[in-house]
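Start from chain P and add chain Y according to the hints.
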Amino acid sequence: MASAANANLNAVRETMDVLLEISRLLNTGLDMESLSICVRLCEQGINPEALSAVIKELRKASESLKASENSTN
Amino acid sequence: SSSITELLSALCDCSLSGVSWKRRALGGVSRESFRRTLKKRAYGALLSKLFQDGTKASASGPGVTDNTPPRNKVLMICFDLRVAGCREEAERLEEQLERLSEGSSSGLKEVDAVLELLVYLAGSAPPPPTSF
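One line per chain: the protein sequences are P and Y, in this order. This note's numbering puts the first residue of the first sequence at 1, with every later residue one more than the last. This note's numbering puts the first residue of the second sequence at 1, with every later residue one more than the last.
One chain only, chain P, in its complex shape:
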């Protein structure tokens, strides 16, 4: 039982490494932390296109905040 769980954990780790490398090559801008959150959201059934819209929206919002920070410097 424990060895099956270990094997599954190793498979998940390996898959995450490959997905991170694909993500890097595609220049998606996701780091390991945000990628693993996205993977878990996909596993919960969130539509990938809708999730990509969320990520782009969050980037826009945080970039505008950072830009306003720079303009007040």
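No lab work stands behind these hints: they were computed from the structure. Treat each hint with caution, since some may be false.
[What the hints assert, rightly or not] Taking lysine-lysine and the DSS-like style, the derived pairs with C-alpha atoms no more than 25 Å apart in a straight line are:
1) P:Lys56 / Y:Lys40
2) Y:Lys73 / Y:Lys49
3) P:Lys66 / Y:Lys39
Since the model is a prediction, treat every value here as computed from it, not as a measurement.
Only chain Y this time, still in chain P's reference frame:
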């Protein structure tokens, strides 16, 4: 495992990394209020996309690439990379795609959905700085 709301909050927190809050608090923008704004925008984007998808499907039917498997979409990107002269990147991408296990052997249930997400986000980040 976490709920969708917890995961979306975590995603909002990720996008706040690197923002300095000390000076912002003086200007009246607190981390908490900005976090609430981010969550609102995240849910807005998520819901509008879901509703849009429903009307699109009923009005015009699925698009040409809608039914293309995500692995094939990545292969199409590899082709585009080759055409653009980025042979090494294309080969590396194909290699990684071959390494990606399918179904339960990957340890994940939705590998193709994640791949689809990566295709939607492809090229959305600024290009990495070139070193001289």
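The hints, checked one at a time:
no.	hint	result
1	P:Lys56 / Y:Lys40	holds, 14 Å
2	Y:Lys73 / Y:Lys49	holds, 21 Å
3	P:Lys66 / Y:Lys39	holds, 17 Å
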